[in-house]
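If you're matching them up, the sequences are chains A and B in order.
Per this note's numbering, the first sequence starts with residue 1, numbered consecutively.
Per this note's numbering, the second sequence starts with residue 1001, numbered consecutively.
Some hints could be false.
What the hints assert, rightly or not - In silico BS3-like cross-links for lysine-lysine, where the CA-CA straight-line distance does not exceed 27 Å:
#	chain 1	residue 1	chain 2	residue 2
1	A	K415	B	K1190
2	A	K381	B	K1064
3	A	K372	B	K1064
Treat the hints as calculated values from the structure; they're not laboratory data.
Values in this document were obtained by computation on a predicted structure and should not be read as measured data.
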Amino acid sequence: MTSSPTSRFRIAKRRVLLLSSTGATLHAFSRGRVEEPLRFTGDEAGVGGFAEYLRLSEPDPVYLLVDVVEEDFRLDSVPHVFGRDRAAVLENKQARLFRDSRYTQAIFQGRETEGRKDDKVLFTSIIRPELLDPWLAQLDRLKVPIAGIYSLPVVSGQLIKRIPISSKNALLVTLQGRGALRQTFFDEGHLKVSRLASLPRLEASRMASYVLQEIERVRRYLNSLRLLNSAEPLQVYLLLHGTLLQDLERQAKDTVTTNFQLTEIGSLGEKLKLTGLTSGDLPYADRLFASLLALDAPANFYASARETRYHTLNKAGSLMKAVGALSLAGGVGWGIFEFAHGFDKQLEMSTLGKQASFYEDRYSRGRGRLPKLPADGNAIKQAVEMVRTIEAYRETPLALLVALSRGLDEFPEMKLRGLQWESGANPSEGAGRRPERSVRRGRGRTTKEKPEGYFQAANVQGRLEPFDGNFRLALERVNRFAALLGEVEGIETVTVLKRPLEVSSRERLSGVASSTSESGEALFELRLVLRTHGEPGRS
Amino acid sequence: MNLAEVDWLVLRQPLILLVFAVVIGGAFAGGAYYYASGVEREHLNESRRLTTARARYLTLDDEKRLIQEYYPQYEELTKQGRIGEEQRLNWVETLREVAAKIKLPSLSYEIGAQQEYEPDFPIDTGRFGVYASEMVLNIGLFHEEDLPRLFAELEREAAGSFSVANCRIQLMSDAFQSNPTKSNLDAQCKLRWYVVKVKATPDRPRRRSRRAG
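Make a model of the complete structure from these sequences and hints.
So this is what it looks like as C-alpha cells:
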C-alpha cells in the first residue's frame, strides 16, 4: 500500500488490530492520517514480528477487531428479569450454548410479543479463544493498552445505521482480506446472523457469480430460520470495489426474493467522510471496518477487565495528568490573581499611608497651637457637663423642711419630735418602713407610692399639743394636716403612717376610757415624698 | 480490576506528576494567598488609620471651639475642687469656721475613703468618672434653722460639690433650752462629696446611667 490517506479521527493515535484465523492486520491512525497497514501471519514468525513492532512503537491503545469463522451467533430468549437474576440467567445460558465462554456477550434485541414476553437476546461467542491468545500475550507482555475486543459483525451494525436503509431487513455483504466473504443479516437494525466463508481460488470473471450463489445460499438459510418475511424480498447491500463490483453490477438482478444495492466502498467513505478505504482494484472492506472502529469506538465488547487493565490504567494516568495540569494551572492562575490583587493593594496602601500622614501632620500642627490639656475637647466638655449634672442633682433637706414648715404654720398644735430624711432615685428604699395606707395627693385624689424621678422623702414624727383626749378631733386634725401638706407644690405623696388612734378593724386597740387626764398623747407619723427631678407618671 | 492487579509502574509517572503539580500549584496559590492576606490586613490598617486621621483633622475646628468654650470652665471647676483631687483640708477648715460662725453647740465629722461612685441619677460618663467620699456629721443644733444654715455655708465656702444623702433629726427634750451652747436638737447627716476626675481605667462611654447608688 503506497497511498497515505487521511481521515478525521477524534483521537489522534489509535490502532486497530484486525484479527483473522490466519493472521492479523494492524491499521494505525495517527494525527488524522491512516498509516499503511501492517500484516502479521498467524504463525510464530508473524507473532514475533508483531511483538517487535509493539516494542518499537509508542504504547498507543489497540482495538482488537475479530473477524473469524469461529465466532458463533445464537438467537434465543430469556425471562424478562433484572439485576442479579438476569446475570445468572445469561451466565447459565451462555454456559449451555458455548463450550468456552471466555469471550461471550449477550445483545438484547427487544421482547417477544407473545407468551411471557421474554427478552430476545443474541448470544455471541468466539468459540476458539486460543486464536487470540498469541496476540493478547504479546500485548500484555509489553503492557500495551487494549481498549477492547470487538466483533466485526457487531461493528458493522454501525455501518447499517449510517447507510440509509428503507427496508425492514438487510444483508450486508463484504469481502474481507485474505479471501473471505462476510455476510451479516440485520432485522430492523438488529444483528441476527453473520457468516464468514472462505472464497475458493477462482478466476476473477467467475467470482461475481460465486458471490451471488453464496448470497442465495444464505437467503435460503435465513428463510429456513424464519427470519425472512415471504412478502418482503431480502435487501442485499454489497459493499465492494473495483472489477468485482462492476461484474456484480451486471450480474446481480433483482428478483421477487432478492433486491441488490451495490455500493462502492470509496464513495461510501466519502459520505462517511472517510478516505483511503480502498487500495488498487482490491474489493476488500477491512479498512472500512477498521476506520469505523477507530472513528467511533463503542464500549468494549469481549475483553475482560484484566485484559483492558493497561488501558484503564492509562486512562487513569491521563486523568491524573489532567487533574495535575489543572491543579497546577489553577494554583498558578489563582496565585497570579492573588499576587496581582496584593500588588494592587500594596500600591493603594502606599497612597493611603501618604494621605494618612498628611492628615496626621495637619492635625498635629493644628493641635500644637492649642494649649496643653489633660484631655481632648470632648472629654473636657464631658467633665464640665458631669459637674453640672452633679450640681443639678445636689440635694439638701431645705426644700422639704420649707414645705413642712408651711404646714406647721397652719397647724400650730402640731409639735414635731423627730424627722428622718433621705434623698435618692427611689424614696421607698432605705426609709425603713413601707407605706401602710393609701396616699392622698391634692383633694380627693390617691396614687400609689411608687413615683419615678429623683426624690426627697422624710418620715416625720410629732404629736398634738394640747390634747384633751378627743381622738375624733385629733384624727381630723392629722388628716387635715396631711391634706394640707399634700397640696404644697412639689410634694408628691403624703402618707399617714401613724394616727393618734388606730380605729381600723384590722388593728388591735386598747386605752383608758375613765379619765381624760390619763388619755395619753395624740401621736402621729407622716411620710412626705417631694419630687425634685422628673415628671409624675414618667420614667 | 482490584488493587492487586494494578501495575503501579504504569501509574508511577502520572502519580508523581500529579503530586508534583498539586504541591507546586498548592504552594504557589498558598504563598500568594498568604502574601495577599498579609497585604489585605495592612491595607485595612492603613485604611482605618486614614479614616481616623481624616476624622480627627476634620473635627479639629470643633475641638478648638470646644476647648475655647469649656476649658476655662474646666479650669475654674478644678480650682473649686469639683474636678481633679478632693480638698479635704479645706473641708475640715470650712467645717470649723462654719460651726464657729453659726455657733453650733457641737459638730463632729467622720470622712470615709474616696471611691468611684455610680450615681443613681442619669449622667454621661466616659474618660472621666464620678468619685465620692462620704462624710457623716453629728450636729448639736440650738435651733432647727441651724441645719439649713450649716449646709448653705458649706456650699458657699467649701471647695467641692456635695449632696446630702440622709439626715436624722431628733428633739432632745420637750423643754426648750435657752442656753445657746446647749443643744435642743440632735442631727446626724450623711453628705456625699463628689469630684470628677479621670478614671484609673477608662471604660466605654455610658449613656444616661441610672443605677442605684
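Evaluated hints:
{"no.": "1", "hint": "K415/A x K1190/B", "result": "holds (25 Å)"}
{"no.": "2", "hint": "K381/A x K1064/B", "result": "holds (12 Å)"}
{"no.": "3", "hint": "K372/A x K1064/B", "result": "holds (12 Å)"}
Of the numbered hints stated above, none is contradicted by the structure.
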